[in-house]
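Visitor: The residues making up each chain are set out below.
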Amino acid sequence: MASRPRTLYEKIWDAHVVETRPDGTSLIYIDRHLVHEVTSPQAFEGLRLAGRTVRRPDLTLAVPDHNLPTTARLDAAGARLPIADPQSAAQLAALEANAPAFGIRYIDSSAAEQGIVHVVGPEQGFSLPGATIVCGDSHTSAHGGISALAFGIGTSEVEHVLATQTLQLKRSRTLEVRVDGLLGHGVTPKDLILHIIGVLGTAGGTGHVMEFTGQVFREMSVEGRLTVCNMSIEAGARAGLIAPDDTTFTYLKGRPYAPRGEDWDKAVAWWRTLASDDGALFDKRITIDGSAIEPTVTWGTSPEDTAPIGGTVPYPESFADPAKAEAARKSLSYMGLEPGQRLDEIAVENIFIGSCTNSRIEDLRAAAAVLDGRKKADGVKWAIVVPGSGLVKRQAEAEGLDRIFMAAGLEWREPGCSACLGMNPDKVPKGERCASTSNRNFVGRQGPGSRTHLVSPAMAAAAAVTGRLTDVRKLG
Amino acid sequence: MQPVSTIEGRAIPFGRKNVDTDVIIPAHWLKTISRDGLGAGAFETIRAEPGNIFDDPQFAGAPILIAGDNFGCGSSREHAAWAMLDLGIRAVIASSFSDIFAGNAFKNGILAVELPQAEIDRLLEVAETDPIAIDLGSQTVTTPFQDRFAFAIDPFRKHCLAEGLDETGLTLARSEAITAYENRQLAEMPWLNGTMEHRTEGSA
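Line by line, the protein sequences are chains A and B.
Converting from the first sequence to our numbering requires adding 37 to each position, the first position being numbered 1.
Converting from the second sequence to our numbering requires adding 408 to each position, the first position being numbered 1.
Bound conformation, chain B alone (with noise of 0.2 Å):
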C-alpha cells in the first residue's frame, strides 16, 4: 500500500445521500479475477445519463469524492473501492460511510473523511470551482478561502496509512498469540477449534 500524506486536486461535487456498492460498481463487474481496470464500471449507472458529473471535464481525475450520508451501503464488495481507485480517487469525503466500506477504503489506502452535513455542503459550493485539500497529518480539510475543517480517524488506521503498512503482516507478527489463544480454546472448546469432521455417510 502506498504511503498517504496529502490529497490535492479537484474534488467531483457528487453530494448524493446512500451511496450503494451496486452505484458504486455494478455486479456484472465483480466477474474479474484481478483488482485492475474496474474503472470502466465504476458509477456506471450515473454514468449513463448525459451531462453526468463524473464525465464532466472539470472532474477527469479529481482525487476527491465528495458525497452525503452513509456512503458505500450495501454488498461487502472491495471493488467498490478498487474501481474508485482504478477512477483514481484516493479520498472520499462523506458526512457518514457504511463500516464494511470504510474498511475496504482504508485497506486500500483510499482515505475516509467523515465530515459533518454543514462543512460537507460548504465543500459541495467550493468544489464547483475549485480544488480541495486534505492533510493526514494534520487532518483537516482546507480549501483557497480559509476553509479549515477538522475531522476525527482511528490513530491506528492513521499510522497505517501514513506508513504504507500491511495490515496482514503486522498481524502476521502476533502469530505466538494467535497460538496461545487457539490451544486455549482448543482446551476450552474443543468443538469450535478442533478439525472439523463431515460426518454424513455418502457425502462430500
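Here chain A stands alone, though its shape is the one from the complex (with noise of 0.2 Å):
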C-alpha cells in the first residue's frame, strides 16, 4: 500500500493500534511492562479490590531498584541481609509477594541480572526496537535508544496495563532534534543531551516524542543512544527515539529474550523499515550544532540550567524572561553560587557515577579512563561508583576497572538508583555540592539541601580528581 511518508514515531504507533474512537483517543497495545517495587503497590493492590488478574504476565517482568541500598546484599555466608528502612523493606516484600501472585517474572535484589530496570530491560533483550514500552518510572524513555516507543506512566496507568496490556492515548506531536557536525575530543552524550535540554528548556518538549537524528547518533553506540533518549524527558518529552540500525541489531543479537533463529530474521526485516521516511514531516525541528558543544554543566536546580564547562554562572538579570530570572535567582541561592563565578572553579565534596543515565558499561569504562593512575581529591569526602546492573558490575570487573576506582579511592557498589534520587541510604549531605551523572538537578534530590551538578562520566572522574568541577579536557 502507497503511503504518505511516517515518522518513526507514527509507523511504531501505527503497528499498536488496536482501535480508536471517533475522539481520536486509541487504545494502543504494550509489548514490554517493567515494573519496579516503588510505583506499584498500590497497583497491585487496585488490581486485588477489583478482583482483576494480570493480562500478559508473559510481557511483564519486575526487579527492584530504587530502594535498595548498594551495599553488600549477601552476607559471606551468601544469606540475604536484611534492609534496615522498615518502609524500603516492606515496598521489597511487597514485589517480592506480588509478583509470583499475579505470575510476573521476577528478578531478585540478589540475582546478576537484578540492576536498574532501564539498564536491565535492554540488557537482557527484553526491550526491542519497534516495540511499546511502558514501566512507572519516568526514565522510561530511555528505551527509544533501542528504537522502542517507551514513557513512563503513573501508578494508575501501571494498574490498567497490568490489567488490560493496553492504554488509552492520544497520538503525540512529534519534533525533530536534529544534530549536525560530530562531538568533538571529550564531549560525550551526556553533554550532547545536556545541551539540547539547555536549548529546548524543560517544557521544550512537553505533547511531544523527540526523534534525535543526524550522523552523531548514527555513529554512537547504544549505551549512548541510551544516555540521550533517558533525559528526553528533561526536555519535556514523555519518549525519544532513534532509529534502529546495525548498532542496534548487534547489540541485541543473543541477549537472553531477544528472538532468535527466523524470528530474530523477521524482527531485523522489519526493524530496517522502521526509520522516518524521507519526506515525513515532524511537527517541530529544531537544529543544534554538534561540533560547538563542549563538555557541559548545570549550575542551577532545573536541568535546562546548563553551561559549557568554560563558561561562567549566569547572572540573572541576564535572562529576558522575568519568571526565569527570578527562578534563577532562588537557584543560586540554593546553590550557594554567585553570578559570574567561574564554573570550574566550583568546589564539589561528592561524587555520584551511576543512574539509569549513565551508569553501563562504557560509562563506567569512561569514568575509569580520567582516573586510571590517579587519586581523588582530599576534598572529595564520598565518591561512589554504582554499576546499573549486576552484569554491568561483572563485566567491569573483568576489564578491573573496579580496581582502579577503588585505587583511586572511590567505592565500588551493588547495583541500583543509589543517590539519583535520595529514596535509599545513598544521599548527599545538606549544603553540600554533588558532581552527579544522574539526571534531575532539582531541589532536594539528592536529599533534603543537596546541591546537584549534571555531568557526564568523564566529568564526574575528573572533578573527583581535581576535587571542582573540571574540564576533563584539560587533564589530559
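Calculated from the structure, these hints are not laboratory results.
Because the structure is a prediction, the values reported are computed rather than measured.
Any given hint could be a false lead.
Stated by the list, open to error - Below, simulated BS3-like cross-link-like pairs (lysine-lysine); rule was C-alpha separation at most 30 Å, straight line:
{"no.": "1", "chain 1": "B", "residue 1": "Lys566", "chain 2": "A", "residue 2": "Lys207"}
{"no.": "2", "chain 1": "A", "residue 1": "Lys418", "chain 2": "A", "residue 2": "Lys321"}
{"no.": "3", "chain 1": "A", "residue 1": "Lys418", "chain 2": "A", "residue 2": "Lys511"}
{"no.": "4", "chain 1": "B", "residue 1": "Lys566", "chain 2": "A", "residue 2": "Lys321"}
{"no.": "5", "chain 1": "A", "residue 1": "Lys367", "chain 2": "A", "residue 2": "Lys467"}
{"no.": "6", "chain 1": "A", "residue 1": "Lys303", "chain 2": "A", "residue 2": "Lys290"}
Said to hold, decoys possible - A few chain B positions that, by computed beta-carbon distances, are all more than 10 Å from chain A:
{"no.": "7", "residue": "Pro471"}
{"no.": "8", "residue": "Asp494"}
{"no.": "9", "residue": "Glu527"}
{"no.": "10", "residue": "Arg530"}
{"no.": "11", "residue": "Leu544"}
{"no.": "12", "residue": "Gln547"}
{"no.": "13", "residue": "Pro552"}
{"no.": "14", "residue": "Glu571"}
Think of the CB as a built atom: it goes at the ideal place given N, C-alpha and C, for glycine as much as any other residue.
The two chains are supplied separately, each in an independent frame; assemble them into the complex guided by the hints.
Guide: In C-alpha cells form, the structure reads like this:
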C-alpha cells in the first residue's frame, strides 16, 4: 500500500493501535511492561480490590532498584542481608510477594541480572526496536535508544496496563532534534543531551515525542543512545527515539529475551523498515551544531540550567523572561553560587557515578579512563561508583575497572538507583555539592538541601581528581 | 473515582513555574505501599520555609492551586497527585502541565485546568483575598468580580471526570478487540507477542 511518508514514531504507533475512538483517543497495545517496587504496590492493591488479574504476565518483568541499598546484599555465608529501613524493606517485600502472586517473572535483588530497570530491559533483550514499552518511571524514555516507543506512566496506568495490556492514548506531536556535525574530543552523549535540554528548556518537548537524527547518532553506541533518550523527559518529551540500525541489531543479538532463528530474521527485516521516511513531516524541528558543544554542566536546580564548563554562572538579570530570572535567583541562592563565578572553580565534596542515565559499561570505562593512575582529591569526601546492573558490575570487574576506581579512592557498589533520587541510604548531605552523572538537579533531589551538578561520567571522574568541576580535556 | 462537577473555594496563589514532582512530594515519601497519608509530605521543602503560602491559615483546606508553566514536570510518581488530594486540592490551574502529571491528575479526579498566563496572573491576584470557582460542565473559571475564563478539556476526560468512571473498567469492556489485536500480532510479529523464553543458561 502506498502511503504518505511517516516518522519512526508514527510507524510504531500505527503498528500498535487496537482501535481508535471517534474523539481520536486510541487504545494502544503495550508489548513490554517493566515493574519496580516503588510505583507498583498501589497498582497491585487496586487489582486485588477489583478482583482483576494481570492479562499478560508473560510480557511483564519485575525488578527492584529504587530502594535497595548499594552496600553488600549477601553476608559471607551467602544469606541475604536485611534492609535496615523498614519502609524500604516493606516495599521490596510487597514486590517479592506481588510478582509470584500475579505470575510475573521477577529478578531477585541478589541475582546477577538485577539492576536499574532501564539498564536491565535492553541488557536482557526484553526491550526491542519497534516495541511499545512502559514502566512506572519517567526515565522509561531511555529505551528509545533501542528504538522502542517507551515512556513513563503513573501508578493508575500501571494498573491499567497490568489489567488490559493497553493504554488509552492520544497521538503525540513529533519533534525532530537534528544534530549536525560530530562531537569533539572529550564530549560525550551526556554533554550532548544536557546541551539539547538547555536549548529546548524543560517544557520544550511537552506533548511531543522527540526523534534524534543526524550522523552523530548513527555513529553512537547503543549505550550512548540510551543516555540521550533517557533524558528526553528532562526536555518535557515523554519519549525519545533513535532509528534502529546495525549497531542496534549487533547489540541485541543473542541477548536472553531477544528473538532467535527465524524470528530474529523476521524481526530485523521489520526493524529495517522503521526509520523515518524521507520527507516525513515533524510538527517541530530544531537543529543543533554538535561540533560546537563543549563538556556541559548544570549550575542551577533545573536540567535546563546548563552551561559549557568553560563558562561562568549566569547573572539572573541576563534572562529576558522575568520568571526565569527570578527562578535563577532562587536557584543560585539554593546552590550557594555567585553570578559570574567560573564554573571550573566550583568545589565539590561528593561524586556520584551511576543512575539509569550513566551506569552502563561504556560509562564506567569512560570514568575509569580518567581515574586510571590518579587519586581523588582530599576535598572529595564521598565518591561512589554504582554499576547499572549486576551484569555491568561483573563485566567491569572482568576489565579491572573496579580496581581502578578503588585505587583512586572511590567506592565500588552494588547496582541500583542509588544517589540519583534520595530514597535509599545513598544521599548527598545538606549544603554539599555533588558532581553527579544522574539526570535531575531539582531542589532536594539527592537528599534534603543537596546541591547537584549534572555531568558526564568522564567529567565526574575529572571532578573527583581535582575536587572541583573540571574540563576533562584539560586533565590530559 | 468521585464524579467532579464544580470546585469552589479559596485557591492557593502559588504562581511558581516548573514545579517539579520532587517539590510536590520528595522521594523519601515514596516508600509507602498505600495511596493515603501523603499530604504530610506535600510541598515539604517549601513548607519548611517560615511564612510559606501552604501553611497560611487563610488557605487551609483550599481546594484549588494556581501555578505557572510546566506544572508537575519530572518524575512519573502518582504520589504527587495523591499527596495533593490528601492536602485537599481538587484542581490545579496552570499555564501548562507536564504530560505525565496531567494524566495522573485526571486518573485521580484532580482537574488540571490550563489557562493563558495573563488569565493566571489575574487569578493569582484574586486568589489573594477571594474564592474562585471552576465549573467542569461549562468549562469555565469564574471569580466574584465577573471574570470568566473558558478552558479546554479532552471530551473523553471530561466525560470520565463528570461520571467518575473507572478507565480500567472501560478498557476491560474492549477485551475482544484486544484479543483480536493479540492474535493478529502473534501471527505477524511472533517475537513481540509470543511468550518469551529466557535463553541464557544458568541465569534466572
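Visitor: Each hint: holds or not?
Guide: For each hint, the structure was consulted:
1. Pair hint Lys566(B) plus Lys207(A) holds up; C-alpha atoms about 15 Å apart against a cutoff of 30 Å.
2. Of the pairs offered as hints, the one joining Lys418(A) and Lys321(A) is violated, with about 45 Å between alpha carbons and a cut-off of 30 Å exceeded.
3. A hinted pair counts as satisfied when its Cα atoms are at most 30 Å apart, and Lys418(A) with Lys511(A) qualifies at roughly 23 Å.
4. For the proposed pair Lys566(B) and Lys321(A), the alpha carbon gap of about 28 Å is at most 30 Å, so the pair holds.
5. The straight-line distance between the Cα atoms of Lys367(A) and Lys467(A) is roughly 17 Å, inside the 30 Å bound, and the hint therefore holds.
6. Distance check on the hinted pair: Lys303(A) and Lys290(A) sit about 13 Å apart at the alpha-carbon level, within 30 Å; holds.
7. Pro471(B), annotated as away from the interface, keeps every beta carbon of chain A farther than 10 Å; the closest lies near 21 Å.
8. Residue placement check: Asp494(B) keeps its beta carbon more than 10 Å from all beta carbons of chain A (closest about 13 Å).
9. For Glu527(B), the condition that its CB be more than 10 Å from all CB atoms of chain A holds, with the nearest at approximately 16 Å.
10. No beta-carbon of chain A is positioned within 10 Å of the beta-carbon of Arg530(B); the least distance is around 16 Å.
11. Interface exclusion of Leu544(B) from chain A stands, the closest Cβ pair being 17 Å apart, more than 10 Å.
12. Residue placement check: Gln547(B) keeps its beta carbon more than 10 Å from all beta carbons of chain A (closest about 15 Å).
13. Every CB of chain A lies more than 10 Å from the CB of Pro552(B), the least distance being 27 Å, so the non-interface label holds.
14. Distance to chain A confirms Glu571(B) as a non-interface residue, since its nearest Cβ pair spans about 15 Å, more than 10 Å.
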